[in-house]
Amino acid sequence: MYEFLSGRLASRRPDRAVVEAGGMGWRVLIPLSTYERLPAKEGAPVKLFLHHFLREDREALYGFATEEEREYFELLNQVTGVGPALALSVLSSLPFEAFRAAVLNGDAAAITRVKGVGRKLAARLLLELADPLRKLGPVAAAAGPA
Numbered sequence: 001m002y003e004f005l006s007g008r009l010a011s012r013r014p015d016r017a018v019v020e021a022g023g024m025g026w027r028v029l030i031p032l033s034t035y036e037r038l039p040a041k042e043g044a045p046v047k048l049f050l051h052h053f054l055r056e057d058r059e060a061l062y063g064f065a066t067e068e069e070r071e072y073f074e075l076l077n078q079v080t081g082v083g084p085a086l087a088l089s090v091l092s093s094l095p096f097e098a099f100r101a102a103v104l105n106g107d108a109a110a111i112t113r114v115k116g117v118g119r120k121l122a123a124r125l126l127l128e129l130a131d132p133l134r135k136l137g138p139v140a141a142a143a144g145p146a
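Numbering (the working numbering), first residue to last: 1 to 146.
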C-alpha cells in the first residue's frame with residue numbers, strides 16, 4: 001500500500017521514529033538496524049521504506065532504512081507464529097546474512113538467541129524459510145550469527 005515516507009526526523013528512539021511529512025507526524029516502528037542508520041539530529045531529512053500493518057484491532061507503520069530490510073521483515077511475517085513485533089526483534093538481533101546462514105546451516109541455536117524465539121518456532125523458521133533463502137544463492141563465507 002505505502003512504499004516509503006520522506007520527510008524530516010521529528011524524534012527517534014531505538015524502537016520508533018516520528019517523521020514529519022505533509023503537516024503530520026508519522027509514528028513508524030523500526031528495528032534497531034534502522035535506528036542506527038537514522039540521522040542523530042532532529043530536523044534532518046529521512047526516508048523510510050514502509051510496511052503497512054492493518055488488522056481489525058490494530059494499525060501500524062513499520063519502517064526500514066533499505067528495501068532489503070523491509071523484504072526480510074516481510075519474509076519473516078509469512079511464517080506461521082511470527083507477527084510484526086517478533087519480526088522486528090529478529091531484525092534487531094540478527095543481520096539478514098547471519099539469519100540466512102543460520103537457516104541454511106540448520107543452526108536453530110543461533111535463532112533461539114533472539115528474544116521470543118523458542119525451539120519450536122526456530123524449527124518452523126528453518127523449515128519454512130530454507131527453500132526461499134536457498135534460492136538467493138550461496139551464503140557469504142563471513143556470514144554467521146552475530
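It is possible that some hints are incorrect.
When the alpha-carbon atoms are kept at most 25 Å apart in a straight line, the in silico SDA-like pairs for lysine to any residue are as follows [stated by the list, open to error]:
{"id": "1", "residue 1": "Lys115", "residue 2": "Asn105"}
{"id": "2", "residue 1": "Lys41", "residue 2": "Ala21"}
{"id": "3", "residue 1": "Lys41", "residue 2": "Gly83"}
{"id": "4", "residue 1": "Lys41", "residue 2": "Leu61"}
{"id": "5", "residue 1": "Lys47", "residue 2": "Asp107"}
{"id": "6", "residue 1": "Lys41", "residue 2": "Glu74"}
{"id": "7", "residue 1": "Lys47", "residue 2": "Ser92"}
{"id": "8", "residue 1": "Lys41", "residue 2": "Met1"}
{"id": "9", "residue 1": "Lys120", "residue 2": "Gly83"}
{"id": "10", "residue 1": "Lys47", "residue 2": "Gly116"}
{"id": "11", "residue 1": "Lys41", "residue 2": "Gly23"}
{"id": "12", "residue 1": "Lys41", "residue 2": "Ala65"}
{"id": "13", "residue 1": "Lys135", "residue 2": "Gln78"}
{"id": "14", "residue 1": "Lys41", "residue 2": "Gly7"}
{"id": "15", "residue 1": "Lys135", "residue 2": "Lys47"}
{"id": "16", "residue 1": "Lys135", "residue 2": "Leu61"}
{"id": "17", "residue 1": "Lys135", "residue 2": "Lys41"}
{"id": "18", "residue 1": "Lys41", "residue 2": "Asn105"}
{"id": "19", "residue 1": "Lys120", "residue 2": "Pro95"}
{"id": "20", "residue 1": "Lys115", "residue 2": "Pro84"}
{"id": "21", "residue 1": "Lys47", "residue 2": "Gly81"}
{"id": "22", "residue 1": "Lys41", "residue 2": "Arg27"}
{"id": "23", "residue 1": "Lys47", "residue 2": "Val18"}
{"id": "24", "residue 1": "Lys41", "residue 2": "Asn77"}
{"id": "25", "residue 1": "Lys47", "residue 2": "Asn105"}
{"id": "26", "residue 1": "Lys41", "residue 2": "Gln78"}
{"id": "27", "residue 1": "Lys41", "residue 2": "Ser92"}
None of these hints come from the bench; they were simulated from the model.
Results for each hint:
no., hint, verdict
1, Lys115 x Asn105, "20 Å, holds"
2, Lys41 x Ala21, "16 Å, holds"
3, Lys41 x Gly83, "31 Å, violated"
4, Lys41 x Leu61, "22 Å, holds"
5, Lys47 x Asp107, "34 Å, violated"
6, Lys41 x Glu74, "29 Å, violated"
7, Lys47 x Ser92, "19 Å, holds"
8, Lys41 x Met1, "29 Å, violated"
9, Lys120 x Gly83, "15 Å, holds"
10, Lys47 x Gly116, "29 Å, violated"
11, Lys41 x Gly23, "19 Å, holds"
12, Lys41 x Ala65, "16 Å, holds"
13, Lys135 x Gln78, "16 Å, holds"
14, Lys41 x Gly7, "13 Å, holds"
15, Lys135 x Lys47, "29 Å, violated"
16, Lys135 x Leu61, "29 Å, violated"
17, Lys135 x Lys41, "40 Å, violated"
18, Lys41 x Asn105, "40 Å, violated"
19, Lys120 x Pro95, "21 Å, holds"
20, Lys115 x Pro84, "14 Å, holds"
21, Lys47 x Gly81, "30 Å, violated"
22, Lys41 x Arg27, "17 Å, holds"
23, Lys47 x Val18, "11 Å, holds"
24, Lys41 x Asn77, "32 Å, violated"
25, Lys47 x Asn105, "34 Å, violated"
26, Lys41 x Gln78, "35 Å, violated"
27, Lys41 x Ser92, "22 Å, holds"
Violated hints, listed in ascending order, are 3, 5, 6, 8, 10, 15, 16, 17, 18, 21, 24, 25, 26; each of the other numbered hints is respected by the structure.
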